[in-house]
Structures are given as structure tokens and as C-alpha cells.
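J.: Can you build the whole structure from these sequences, using the hints too?
4 protein chains.
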Amino acid sequence: MKPVCLVLGAGAGIGGTVGKKFANSGYHSVLCRRSDKEGLDKLVQNIEDAGGSASGFLLNVVEPDSIENLVAKIEADIGPIEVVIFNLGAQIGDRSLKETSYKMFELGWRMATFALFRLASSVCPLMEERGKGTILVTSATAAMRGNRGQHSHAAAMGGRRMLCQSLNAEFGPKGIHVAHILIDGSVDAPDTLGKMLGEEKFKQLRETKGQENDGLVLPEKIAETYFHIAQQHRSTWTNELDIRSFSDMPWWNH
Amino acid sequence: MKPVCLVLGAGAGIGGTVGKKFANSGYHSVLCRRSDKEGLDKLVQNIEDAGGSASGFLLNVVEPDSIENLVAKIEADIGPIEVVIFNLGAQIGDRSLKETSYKMFELGWRMATFALFRLASSVCPLMEERGKGTILVTSATAAMRGNRGQHSHAAAMGGRRMLCQSLNAEFGPKGIHVAHILIDGSVDAPDTLGKMLGEEKFKQLRETKGQENDGLVLPEKIAETYFHIAQQHRSTWTNELDIRSFSDMPWWNH
Amino acid sequence: MKPVCLVLGAGAGIGGTVGKKFANSGYHSVLCRRSDKEGLDKLVQNIEDAGGSASGFLLNVVEPDSIENLVAKIEADIGPIEVVIFNLGAQIGDRSLKETSYKMFELGWRMATFALFRLASSVCPLMEERGKGTILVTSATAAMRGNRGQHSHAAAMGGRRMLCQSLNAEFGPKGIHVAHILIDGSVDAPDTLGKMLGEEKFKQLRETKGQENDGLVLPEKIAETYFHIAQQHRSTWTNELDIRSFSDMPWWNH
Amino acid sequence: MKPVCLVLGAGAGIGGTVGKKFANSGYHSVLCRRSDKEGLDKLVQNIEDAGGSASGFLLNVVEPDSIENLVAKIEADIGPIEVVIFNLGAQIGDRSLKETSYKMFELGWRMATFALFRLASSVCPLMEERGKGTILVTSATAAMRGNRGQHSHAAAMGGRRMLCQSLNAEFGPKGIHVAHILIDGSVDAPDTLGKMLGEEKFKQLRETKGQENDGLVLPEKIAETYFHIAQQHRSTWTNELDIRSFSDMPWWNH
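One line per chain: the protein sequences are R, F, Z and G, in this order.
Position one of the first sequence corresponds to residue 1 (this note's numbering), numbered consecutively onward.
Position one of the second sequence corresponds to residue 1 (this note's numbering), numbered consecutively onward.
Position one of the third sequence corresponds to residue 1 (this note's numbering), numbered consecutively onward.
Position one of the fourth sequence corresponds to residue 1 (this note's numbering), numbered consecutively onward.
These are calculated hints, taken from the structure and not from any lab test.
Each hint should be verified, as a subset may be incorrect.
Pairs involving identical chains hold if they fit within one copy or between any two copies, as the list cannot separate such chains.
Unchecked claim - Below, simulated DSBU-like cross-link-like pairs (lysine-lysine); rule was C-alpha separation at most 35 Å, straight line: (1) Lys132 to Lys221; (2) Lys42 to Lys209; (3) Lys37 to Lys103; (4) Lys37 to Lys73; (5) Lys98 to Lys221; (6) Lys103 to Lys73; (7) Lys42 to Lys201; (8) Lys209 to Lys98; (9) Lys2 to Lys221; (10) Lys98 to Lys201; (11) Lys103 to Lys42; (12) Lys221 to Lys174; (13) Lys37 to Lys2; (14) Lys73 to Lys42; (15) Lys203 to Lys174; (16) Lys203 to Lys42; (17) Lys98 to Lys73; (18) Lys2 to Lys98; (19) Lys195 to Lys73.
T.: As C-alpha cells, then:
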């Protein structure tokens, strides 16, 4: 039985691509996303065509019991979850305080912070029993500093970073590797950045920033680093790292 | 009409003491806490006996509309809110992941993060119109790093720090001073630390760590710094600072 | 005998103004700068005219024994040094690696890092014996992150911040208060910013950024915060704080 | 002609082991250390026996022109330097301020900070011309916070981290990848940790902390991560990461 790599937030960007990488490397990848059944099926097919093994689930993580039931189901039907790629974001673009409703603010927390807490509550006891496991959390610059217009996003991401640290403090010594991976730049992902910008603008960005300067983080390249982190020997774990294009300024510079 | 200093979380520690300091210095302090009407009345009486001006409200901040209605009421009945002391904590002691229920985790966020968002949503538009205002947020070490057993607290505080930064980014240039005050040590407060430890243990701590070494942060002393920050000229604002006893190690050392 | 406030780097900006504030508040201020005897004498005269007490020394801090002899001389002739304002910078403007000579890089370290180490080596044993003392270090954004062109400045400032922390770790519990004060913005100082920009450009900046928006940090206002930090009760010390104009973006935003 | 991997500080711990990894993976490794010609020769022999290619140099980096001449010599005689492993430390154990001489403090800076500046000044123009290059800097927890007794070490490391950031800010967009790798734990290295502790104590530590818990960072394992970072695609660079044993607490916890 292959070990399972569970991906929450498996779109055409980081999530799906990292899932594919793990599937190509001996894991059974369980890909979950909120919508687009067709895209999901294609992703799974894609992996299987390449000789890998994967399943797909549509999942609305903010619904009660969604994550909990999923974890139980996978463990019962597919196999032990060895790696989780927690790839849920909560970016809603820049919005002034006035434009940020209570509902939005709460939703950001439910998706980016509370969902990780629920995932950890479901999966850590199992991993602890097995003495090993890996939880890789895709994070954003908003985890490090709150910019204008980022009230919801920054609060959710900042809380999540601290949660990663407290999870690591409790479960690291029990063999569970929690890593907070800060993606400090735009990702070449049609279904997140692409949607946010609109087709035309995204195409332009890809042509200028992307192709000429490798200025967009490439999901296939990032997948190499996710996989590396998941394979680190337990004497040598990375808990926090950042990733950005060489042509981008790190968040701390300006 | 005196300017109003609104204190959320006005117990016998930092909140009440800072409220008293502002009342002694020309503000009308509005003191809010969740329970203990008697203690609250005494605090108000205390301030009035010293020639100051204050009001008291019992308030459960997690209830919908509680903060919103309070702000509206104060502005209508008492005067313009010039300073807010946001002194709500979410410390529930060290608890393993297993011992941290979903409800607790959510409550931490509701009290420490979402309540600040709601407060800001209510009060910032008013302050913005007046071109000035101050929001001082009492924070804890958990805003800087997530320790073992601090899942709920760290997630709430970490989110809150980022929220302070995004609020400052939007409202600083509009004259609203948001300061994140990290209390990196135990406070000599009978109704928070005292309750958490129990009477006997708290008395002991006070006698050893407190009296001999000034190892407990003294609320009356801390009030001086809160007041100073609130009076800083707008060319010279502090957005983040830490406070600890001289005999305590900062969080970054060990 | 008045307690002494020693200011290293006492020009017309932060250093001199903070020195004046302490002199107006019961200290004897010893003002040191590298050059401009006339300006220094005027500063001292100024303080004395206002009823304060001060002395002035020209001092090249990078010269061996300069700081050491000064401390000995003050302690012998004037009085016990209770407060040090360490206000030496090492900003040399933006320079590419190629334009940053070994000599410049070393000079930056000698002025901003090594000079603090020498000062601390001279004064901490005396303060430790007396069980009290305060060292306030004026710092810059380069202590927090290294920007392009800041090789020398960032290396010197980053080292200095860590030195402040290690000094505090050793001497805090012995009653010596070390505070790292991050000035995250342009200061309205004719003899540093003014010189760097040139008279005409500085005048312009003052008229636009300064007067209209209070966008330049005002030394007289900053002096209030320096003085407050130096007076904090030892149960309530601040070790790190930042200062910027309300109309400036903090370094972490962009 | 193989690309060159230059290792400064190539002992039996991280430096030598990373050099071996690169030599095993197609690079010619140039191993430099201050003393122990015999150990160095053995390291080179070792690599060659395994089919790799390497050279060894004894080098006192604090001597003027030592690094500069070395870089010139390698480029002339061996090949283009593509990767630098800057593995020079400045740990001298815990020393009080009184026990830290001016000479020690300066030496720390010369080895850990200034040597990197000199290395960068020598090698970056060459890398810039070639449009690529990698500089991996082994760092220590003292780069993040200054502990008691770490005056020299923390000042040197803190300065170095900021220097890495300013180097990256200038040279990242020119294709030079600068990564600051924080080793936040004890490394299983006989000639650094071993020497500091003494043979007996080191043996004990290895047996308890090391073997039972993988509590000592293993150089062969760490070499995997160094190599991975050096191979990252330029759309996906990591500039800062930390490494520690799963059984160790991160520096931010306590």
C-alpha cells in the first residue's frame, strides 16, 4: 500500500502540481478542491496516465465535518496519510476596512486558520501513533506583515503561522514535521492568479514577467522543494523557508 | 466635553489601571469588562473619588452587536472616542492539541482577533472623520511565536498582530495611531494571573518574583508607557514595542 | 551632583536634542561629536542659557582609547554616567558592492558596532556596580533588513542590534536598561540628512514632506520618547521599539 | 571543465561533507580550512577515491588578500566558481562582556562578517558576468537573537545576515542566489562541537542526544538540503531557511 499524500487546495497551481510530484514519486495523492469536478478528474487522469496513483474529491473545507470525514475516509479506504499539503489560501485582493465585511473576515479565518487546526486535530493523533508524518503549509507574505487592504488575509495568515509553530512545538518531537513555506511572489497559476487578474491581464503578465524573467514562481519547480522538505531526515528539518523568483524583491526590501 | 478613552477588558490589571491613568489625565474613561459588576463599580468610584470621570459597562464582546452598539452609545451619550485600549486576551493556559476543542479555538479568535476587527470597523470611520485617534492593543508573546500548548492563543494573537499592521497601514496616514504593545512577562494582576494560578500560588509568586525582583510587570508602571504612546506627536509614532521586567528574559532569549 | 547623560553623536538632530531634553530634566549632559566645535559650543551654551548643565567634547570614536578615556574622564571629573545615548550612525548612502571599499565597510563596523561594544565594555562595569544605568541606542531600519546598496550600513546595524540583545541578556538583570530604538524614517536634522541631501533639496523636503505632513521625524518630539524610555520602572522595560512619522510606511509594508 | 564549488571552512562537519556531496554530483570541490593539512588531504583523497574531483588549500581567511588571491587562483587554474559554501563560524563559547576582549570581538567580525564581504567582493563580479552563481552561507541562531555571553558571536552573525540580504538585493536579479541557512542546533561535527566540548563529553552527547534521538544535526543529511538549495530553479529561490533536529526546540520557543 502506497503512503498517502493529501492535498487540500489542489488546483492547477501549487497544489495540483505538488500532488502530481508526490504521485510520481511513490505516493498515492488525494487531491481535494472546492469546485471544478472536470478539472479535478483531468488532474487525476493525468497522474494515472503517467503511471501514478491518485484520487480526487470535491470538498468545501468550511463545512463542518468535511475535513474530519475526509481524513477518516482516506485512512479507512485508501491508506495512512503520511504527507499533507495544506494549500488553502484566503487572498481576496486588496480591500479597505470598509469593504471587508465581517463575513469575509470570518471566512478568511475559517479557510486559512481554522481549517488547518481542524486538519491537524484529525490527522496528528494518527501520525503521532505512527511516529511520523509531514504537514507542509503553503503560506503567503501576509503571514509576515500586514499590508494595506489585507485585513482579512493578514489576520488569517499571521494566525496560521503561529499555529504552525505551536503544532511543531508539540508534534515535532513526536516525529511530525510541520513546515511553513512562504511563497513570496506571484505563482504562475491560471486558476488563482489567473482568475484574480482576468484572462487578458494574466496572459500579459505571463508573457512579460513570467517568460522573460522567470518572474512568476513555477509550480513544477516549487514542487521539487516541497518534495525535498518532505524527505528531509529528522535530524535536519526545516520549519520555515521562503520562496520567490530571483527577479522579485523579498518582502523585507523596498 | 472630555475626550473618551474606551477600555475593553478593564479588570484589576492593565486595563483598569490604564483606564484610571487616562481618567486622571483629562479623559473620560469608559471601562468595560465581561463580569464582576461590583469590581467594575468600585473601579469607577475609585476614579471619581480621585476627581476623575468614568463610566462602566458589563459587556460580552463575543455577542453580536455588543461592541458595535457600545461604540454608538458612547459616541451618542458620552463623547468622541479618542483612545481605545484593546485589552482582551485569549490565554487559556497550556493545552495540548487534543485538549483544545474547536469551540475554544474559535472563542480565542472571537475574543482576541475578530473583536479587534469589529472594534476597528466601528471606530475607525469615526476617527478617520475627525482626523485622529489612537488604538493601543495589549498583546502577548504568543503574537511573536507559537509555543507548545498555545494553539488557540498563538493563532489568535498572531492574527491580531498582522491585523494591527494592516490597520496601521490603512489608517496611520489618516491620523489613527495603532500600537501593538507586547507584554512579554507576567503581570501583577489578581484577576487574570491570580485566577489562573489560584490564590495561594499567586501570593507566593508576588512575594518572590514580584517584590524582591520587580519580576512582575506592575500595571501602574505600564500605564505610564501606554499614556506616553498615546501622546506621541504624529511625526514620531511607535507602532510596536515590547515590555518586560528587567529580571525576565526576553522571549527571543533562552 | 547631577547624574550624567552621555551623548555620543550629538549633532543638531536626535543626539543634541535628546541631550538638551535630559539637561532640562535634571541631568548633566555630556555632548560628544566628531567635528564642528562651534556648533558644539552653541549647543552647550543653549542648554546653559535655559538653566541646564552640559559639557561638550570633540571626539573621534574610531580612535583607540577615545571612548575609554572619555568615560574615565567623565566619571572622574563630572559624575556617574547614568544614561548613555548612543547615537552614532554609519549611513553612507546607497552604494553598490563595487563602490563599497573594504575601508568603508570596516569604518561602518567601527563606528556603529565596535564603538558600542567599547562603550559598553567601559561603562557597564561601572553601572553594574551601581546597580543601575541606561543605554539607549538609536538604530535604523537597516538593523532589520538589508536593502540594496546598504552592504556596509546593514551589516553594521544588524550586528549592533544583536549586540544590544546580548548586552541586555547579560546586564538587564543587573539593572542596566538597554533599548534599541529603531528610527524608521527621515529625521528633520540639518547636519545629517541636510548634509546628505544638500541644502536646496533638504529645504524642499522640509517644506513638502516635513511641514505639510509631519513626514520628517522631529527631534524634539523623539526626545520625549527617549526620555520616557529612560524613566521606565524596572518592572516595565522596553527593549525594542520603532519610531516613524504617521505619514510614512513602516519598513515591513510596501 | 567541471564547475567549481568553493568551500570556506571545510572541516569534518558541514563544510567538508557538503563539499563531498557537490564533488559526488559533478562539481570540482575546492576545500579550504585554516589548519590540519593531514585532515584536509584525507578529505580530498576520500573524494577522489569515490570518483570525485577536489583540491585542498590551507587558508587563514583573516589575512589580507587570502580570499582575494584564492578566488583569482581558482578561476585561473581550476575553473569558474559556480557555488560558494561560506561555512566560517565565529563561535567562541559563552563569555561575559568582561571576558570578551576587543581582539576577540574584532576577530569574530573579521571571520564571520568581513570575510563574507571580501568573498562577495571577489566573486560576485565574476558571477555577475556569467549571469549565475550561488552563495550558501551557514549561519547560526545568533544571527536571529543575541543571547547572554554571545556578544562577539551575535554581533558578527547578525551583521552577516543583514549582509546576505543586501547582497541578495543587489545580486539576486543578476542571477546570483544568496541563501542564509540557519543551523539552529548542535551539529555532529568532531572538529568544531567535538573540540569545544572535549572528547569525553562529545562522545557522551553523541550517544545520548545523537544516536537515540537524532538530536544532533547530521552533516550528510544537511548536505542534501544545501545541494537542493543550490539547484533550485531561478523562479523559485529560497533566501532564508532554518534547519534543526526534530527533537530540538526551535530558537523562538522556550
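J.: For every hint, state whether the structure bears it out.
T.: Each hint tested on the structure:
1. Lys132 to Lys221: Both: 26 Å inside a chain and 18 Å across chains, each within 35 Å.
2. Lys42 to Lys209: Within one copy, since 28 Å is at most 35 Å while 48 Å is not.
3. Lys37 to Lys103: For lysine 37 and lysine 103, the Cα distance is within 35 Å both inside one copy (26 Å) and across copies (32 Å).
4. Lys37 to Lys73: within (19 Å within a copy, 50 Å between copies)
5. Lys98 to Lys221: between (38 Å within a copy, 32 Å between copies)
6. Lys103 to Lys73: Answer is both; intra-copy 30 Å and inter-copy 24 Å each pass.
7. Lys42 to Lys201: within (25 Å within a copy, 58 Å between copies)
8. Lys209 to Lys98: Close inside one copy (32 Å) and across copies (28 Å); limit 35 Å.
9. Lys2 to Lys221: both (24 Å within a copy, 24 Å between copies)
10. Lys98 to Lys201: Classified as within; 27 Å inside a copy, 38 Å across copies.
11. Lys103 to Lys42: Only inside one copy: lysine 103 and lysine 42 sit 33 Å apart there, 38 Å across copies, limit 35 Å.
12. Lys221 to Lys174: For lysine 221 and lysine 174, the Cα distance is within 35 Å both inside one copy (30 Å) and across copies (19 Å).
13. Lys37 to Lys2: within (24 Å within a copy, 49 Å between copies)
14. Lys73 to Lys42: Within one copy, since 22 Å is at most 35 Å while 55 Å is not.
15. Lys203 to Lys174: between (46 Å within a copy, 25 Å between copies)
16. Lys203 to Lys42: within (22 Å within a copy, 55 Å between copies)
17. Lys98 to Lys73: between (41 Å within a copy, 20 Å between copies)
18. Lys2 to Lys98: Intra 49 Å, inter 28 Å, cutoff 35 Å: inter-copy only.
19. Lys195 to Lys73: Answer is within: at 31 Å inside a copy they meet the 35 Å cutoff, but 43 Å across does not.
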